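2 protein chains.
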Amino acid sequence: MNKVITISRQFGSGGREIGAKLAKKLEIPFYDNELITRAAKESGFSEAAFENAEKKASNSLLYSIAMGMNAYGNQDIGFTHLSLDDQLYLAQANVIRKVASEGPCIIVGRCADYILRDIPNVVHIFIWAELEARKKRAVKLYNLKEHKAEEEILKTDKRRANYYNYHANEKWGRAENYHLSIRSDFAGMDNTVDCILHFLGYGERGTITS
Amino acid sequence: MNKVITISRQFGSGGREIGAKLAKKLEIPFYDNELITRAAKESGFSEAAFENAEKKASNSLLYSIAMGMNAYGNQDIGFTHLSLDDQLYLAQANVIRKVASEGPCIIVGRCADYILRDIPNVVHIFIWAELEARKKRAVKLYNLKEHKAEEEILKTDKRRANYYNYHANEKWGRAENYHLSIRSDFAGMDNTVDCILHFLGYGERGTITS
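Top to bottom, those sequences are chains R and D. The opening residue of the first sequence carries number 1 in this note's numbering; numbering runs sequentially from there. The opening residue of the second sequence carries number 1 in this note's numbering; numbering runs sequentially from there.
Just chain R, with the same shape it has in the complex:
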């Protein structure tokens, strides 16, 4: 097993759980919120600042303004003019590149697929699910009322798409950006994990089958 795996996921699709199960089966590190913490610590930014950057991404116009778009709609990339949010993104990108260089691991979200796109042997996976299934999951896991769950799902996905589209300058959720895209509510969590393992050439127990 010599692979770094990135997982992009819709809110409520179980992408985080699938990533964690996969990491456990393959006995490799799993990075999610830990990543923020690590990035924050190493770069000297506080966790709160990172969280704030993500929240701004929920409104694409506000986000563009926050990220320092100039009057022509282009991003000002002069290093002396980098916004705090751009600096935070770069700090996260550095951490993602660092953990990926340390060996096989699973990284969930944070544009990791885009940041590592030119590195060979990195596998990119997209997990999605039907809205109804995601609502049920959000109600159950996050203890939300049903109408609140839908609102949270749409808001979170909009934020993730804006964050991705801004930083990666590409559309989130295009099949060709990922080696594998799976609808998790159709397959179920365990079959989704098995499906990924077989895609990678591994059996359910992490043994090589081909």
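One or more hints might be untrue.
SDA-like, lysine to any residue: derived pairs with alpha carbons at most 25 Å apart [unchecked claim]:
(1) D:Lys171 - R:Gly173
(2) R:Lys171 - D:Cys105
(3) D:Lys21 - R:Glu176
(4) R:Lys158 - D:Arg174
If the Cβ cut is set under 10 Å, some of the chain R residues that face chain D in the computed set are [to be verified]:
(5) Lys25
(6) Val123
(7) Tyr142
(8) Leu144
(9) Glu176
(10) Asn177
(11) Thr192
(12) His198
Derived from the structure by calculation, the hints contain no laboratory data. Fair warning: this is a prediction, and the values are worked out from it, not measured in the lab. Here a beta-carbon is modelled for each residue, glycine too, at the ideal position from N, C-alpha and C.
Dock chain D against chain R, hints included.
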């Protein structure tokens, strides 16, 4: 096994081979060109007319004209004004609905995913691969020169995308249109088949694992 599976694929990605292998493992019928033949026979249209309709789809403007777009860019859907190509599409759609109603089967291409989108228990799969891998496959399988292979791939995919975008009025290759999207050259043909089987909840030998 109570499922109809549609496979959409890029030219040279091995989607047809994967579909055939899957059908063999699951012991269910496989429809590809046979479908055209059957549709042609049942509707009284000749095979040549069907092939002609597909060829026209390689140029999207020409295709729209051939399909009878009106001056406002809208399709004239009055049955008395249906173009021959639209009639052919409807005949194919009828055949696809008919074979799907007969029981589990695998159908490759021909907008089958769109035609069957509202029918429960139909699984839609998209197979794609990197251009270089598709070129190698086309050179080997279809005995084409390398530059000819690239031309043929781009032309065929453009034709398929136009055919899909016109009839389905949706974009071809969007992750959310498919339960599963797989990059076949990364996984290899056999791992791709295993991956699909596990997504469906079946082991490699077609036995239920969950």
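Here is what the structure says about each hint:
1. D:Lys171 - R:Gly173: holds, 13 Å
2. R:Lys171 - D:Cys105: Violated, at roughly 33 Å.
3. D:Lys21 - R:Glu176: holds, 23 Å
4. R:Lys158 - D:Arg174: Status holds; Cα separation ~17 Å.
5. Lys25: violated, 13 Å
6. Val123: Hint on R:Val123: holds, closest Cβ of chain D at ~7 Å, below 10 Å.
7. Tyr142: violated, 23 Å
8. Leu144: violated, 23 Å
9. Glu176: Status holds, d = 6 Å.
10. Asn177: Holds, about 8 Å.
11. Thr192: holds, 7 Å
12. His198: holds, 4 Å
Checked against the numbered hints given earlier, the structure breaks hints 2, 5, 7 and 8 and satisfies all the rest.
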